[in-house]
Amino acid sequence: MKTDEYMDNAATNPADNAIVIDKLTLEYGTQVLFRRFSLTVPAGQKVLLVGSSGSGKSSLVRCLLGFVTPQEGTIAIDGTILDGKTVWSLRRKIGYVSQEPQLGTGKVKDLIQLPFTYHANTHLKYDPAQQARLFEQFRLGAALLDKDISELSGGEKQRVALVISLLLGRSIYLLDEATSALDAEAKTAVLDYFRQRPDLTVLMVSHDNAIAAIADRTVTMPAVAAQEAI
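Note that my numbering has the sequence shown beginning at 317, numbered continuously upward.
Be aware that one or more of the hints could be misleading.
PhoX-like, lysine-lysine: derived pairs with alpha carbons at most 20 Å apart [claimed, not checked]:
no.	residue 1	residue 2
1	K409	K463
2	K473	K423
3	K425	K463
Note that these hints are calculated values from the structure, not bench results.
All chains should be modelled from the sequences, with the hints used to inform the complete structure.
As structure tokens, this is what we get:
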């Protein structure tokens, strides 16, 4: 399936897309999750982030989304420093899917179209043909559209969340165990899709060896004492 079939709302200049984390420190009380952690993700690169439980991988993702404020260091998205003034505009560049997406209630078809009614997305147009292609790619039947969200399995919720993010044309994706509930066939389909999208910058958190197959590189969250840039 050709890559350009999915690029309706995508950014046209992938050179603008990158994540730069510079000497980031995050503490919760007396617990230091990471200290002076640095990471650069060039535009279009697929990076797998691994590390022991509690090493701060998911917390790092939350920092990138502006949900958590680090004690030290900076984050730049597309060359813009993330802070209180830029957080909302930068979030609109990012597609985020977690292990357990919170999708709300109602029919799947209504959920998928809902983000296009938000003021921040009024410049985007919902494309049912693109949605159908993504459903086919991710092994989701059309009948799923008429299901209630409460009826979906964990894997279906993950794939629907991915579809929504992709329909919104985000250029940077943060995937935090976003394929953990998928069977082998569905997981392969999702990974193949991202492999075919050199225009997308993706930071993936996972313990799944299958994810490493599409990653340009794998980064291990270092011990707290480590201060080397990655």
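To see whether the hints hold, each was checked on the structure:
For the hint linking K409 to K463, the alpha-carbon distance of about 29 Å lies beyond 20 Å, and the restraint is violated. A threshold of 20 Å between alpha carbons decides the hint, and for K473 with K423 the separation of about 12 Å falls inside it, so the pair holds. At roughly 8 Å between alpha-carbon atoms, K425 and K463 fall within 20 Å of each other, so this suggested pair holds.
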